[in-house]
Amino acid sequence: MKSEEIIIYRQKKRLRNIFIFLILLIMVIWSVDVTIVEDTDWERMGSLSDVLSSAGRFIGIDFSLFPDLIVPSIETFMISILGTFVGVIICIPATWFGAKNITPFKPLTYPLGRLLMTLSRSIHEIVWALFFVAVFGLGALSGICAIAVRSVGFIAKMSSEAIEDIDVGPIEAIRSAGGNGFQILIYAIIPQVIPQILGVIIFEWEINIRRSAILGLVGAGGLGLVFFRQMNTFNFHGVTSVIISILGIIVIGEFVSHKMRKRVI
Amino acid sequence: MSVLQVNDLHASYSSSGSEILKGISFDVAENDFVAIIGPSGAGKSTLIRCINRLVEPSSGSIIFKGQNITNMSKSELRRVRRDIGMIFQEFNLINRMSVMDNLLSGRLGYIGNIRTLFKAYPRKDIDRAIELLERVGLSDHIDKRADELSGGQRQRVGIARALMQEPELLLLDEPTSSLDPKISREIMTLVKEMAFELRVPCLCNIHDVQLATEFCNKIVGIQEGTKMFEGDPNNLSEEKLNEIYAMEVL
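Protein sequences, first through last, are from chains A and L.
For the first sequence, the working numbering gives the first residue as 5, with consecutive numbering after it.
For the second sequence, the working numbering gives the first residue as 33, with consecutive numbering after it.
A portion of the hints provided could be inaccurate.
Straight-line Cα separation of at most 27 Å, DSS-like style, residue types lysine-lysine; simulated pairs [what the hints assert, rightly or not]:
| hint | chain 1 | residue 1 | chain 2 | residue 2 |
| --- | --- | --- | --- | --- |
| 1 | L | K224 | L | K176 |
| 2 | L | K106 | L | K151 |
| 3 | L | K272 | L | K250 |
| 4 | L | K214 | L | K250 |
| 5 | L | K54 | A | K266 |
| 6 | L | K272 | L | K54 |
| 7 | A | K6 | A | K17 |
| 8 | L | K272 | L | K224 |
| 9 | L | K214 | L | K156 |
| 10 | L | K106 | A | K110 |
| 11 | L | K176 | A | K263 |
| 12 | A | K104 | L | K224 |
Stretch by stretch, here's where chain L covers chain A in the computed footprint (C-beta under 8 Å, at least three residues) [what the hints assert, rightly or not]:
| hint | stretch |
| --- | --- |
| 13 | 60–68 |
| 14 | 98–110 |
| 15 | 260–269 |
Treat the hints as calculated values from the structure; they're not laboratory data.
Here a beta-carbon is modelled for each residue, glycine too, at the ideal position from N, C-alpha and C.
One chain only, chain A, in its complex shape (with noise of 0.2 Å):
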């Protein structure tokens, strides 16, 4: 190529570039102003030093709290317990329709399998908990539930994968010694998998542990709820107090969770 050619090339190039920055430019400025500047109340916002102390409202803490947050974290982690076991339970139909080597009727029960998965993973455990609480009504019941919906997901399509990375030996020896089908899933599949199976669901329920949190916004019992109604009385100090005892809960549960994964595989 010679040098004119070159030369024109990279013109034309900077050109391109230089058009495509111009529309994101616009782009964003109009998005801005959609999404920012007319939204805005900027009445109510004040000027910044009155943002600043809005926002240094949450700063303090109210100790006197702290008892009255022992059973709703309690409440916490038992959602996040139970809600846990309960999805379990419900993956395993979930897990044996979505492992393409143990269906059982592959052009119907695998798809149907992986729509499971993928519904339960698309809808957020708000959501999810909205529903329940329009079902069970306000407390613990509809947190779990939607705790263990939300969580057929993950472990379900870990679950399936594992087991669809097995190594055939061990089935062909158990099929060959003359075993059926439920003898090569207790000796064959399960004990390949059980260490990956239980190192998910206990990263699970370390990921419930958030959600039991938020989902008492909404209603569904645990910390979620006190941080609700402190709000909505203006205790300020009290949301903080709250946001401290989530904290401090997700790190237990990260704790315990490093722990026993640890222990497992």
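Fit chain L to the supplied structure of chain A, relying on the hints for placement.
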């Protein structure tokens, strides 16, 4: 009467794929220790797996103890499989389970689902397992996890497991290919001795022609899915051997 009769066996891996076995016939008598030899890709592994229908033959018949097993239903087949033990190249043990549990898994064909779930085997099975473990020299390892054992030890567990079935035929799929030469010899010796003691004929797929001629009383040579030789190892001449292995790409 021979324990196993294979008649004009054909097999391919998929319905449209190329044929792997192109009409193999041979038989195994009560006291035989038959070796199947041949180059890689000849179909030795497929042949062994057709005997207990881990691979489905496409045509031909397999007569075991006078019954044609090629037509059997799944439930009949499971019962017949109890009488055919199999030893694998990669051992195929349940790695996370103990040696004892692995041995007992040889009896799965005889127990129901509830017993399977609780691993509640009959007392006589446990006694037999202890006996067999002693015979293969692994009594000290009874509670060890299978993946804590060496290759040679694992294959001994495999042998004991197959013999727990009280089989009337033993299939061996390259039992020594994953083991070093000295251990290979020990394993072949052990299998031959125990097969003789328990009067179980063996059909063994083997890569090492030396081991085959030493331990087996009958050789079946296969190349590209066809039988090239069947007979006494002493009659296996150098030229015949070269003919069988001629296609092997080194």
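Quick rundown of the hints versus the structure:
1. For the given pair, K224(L) sits about 26 Å from K176(L) by alpha-carbon distance, which is consistent with the 27 Å threshold.
2. For the suggested pair K106(L) and K151(L), the alpha carbons sit about 24 Å apart, so the restraint of at most 27 Å is met.
3. Taken as a hint, the K272(L) and K250(L) pair is honoured in the structure, with Cα atoms around 15 Å apart against an allowance of 27 Å.
4. Using a Cα cut-off of 27 Å, the hinted pair K214(L) and K250(L) holds, with the two alpha carbons roughly 23 Å apart.
5. Between the alpha carbons of K54(L) and K266(A) the distance comes to roughly 53 Å, so the proposed pair goes past 27 Å and is violated.
6. A hinted pair counts as satisfied when its Cα atoms are at most 27 Å apart, and K272(L) with K54(L) qualifies at roughly 20 Å.
7. Among the hinted pairs, K6(A) with K17(A) is consistent with the structure: their alpha-carbon atoms are about 17 Å apart, no more than 27 Å.
8. At roughly 26 Å between alpha-carbon atoms, K272(L) and K224(L) fall within 27 Å of each other, so this suggested pair holds.
9. For a cut-off of 27 Å, the pair hint linking K214(L) to K156(L) is broken: about 34 Å separates their Cα positions.
10. Among the hinted pairs, K106(L) with K110(A) is consistent with the structure: their alpha-carbon atoms are about 20 Å apart, no more than 27 Å.
11. For the given pair, K176(L) sits about 25 Å from K263(A) by alpha-carbon distance, which is consistent with the 27 Å threshold.
12. Our distance criterion of 27 Å between C-alpha atoms is broken by K104(A) and K224(L), whose separation comes to about 40 Å.
13. For a cut-off of 8 Å, the count of residues in the stretch 60–68 of chain A with a CB near a CB of chain L stands at 0, and the three-residue condition is violated.
14. Requiring three or more residues with a Cβ within less than 8 Å of a Cβ of chain L, the coverage given for the stretch 98–110 of chain A is violated, as only 0 such residues are present.
15. Counting residues of the stretch 260–269 of chain A whose CB falls under 8 Å from any CB of chain L gives 0; the rule of at least 3 is not met.
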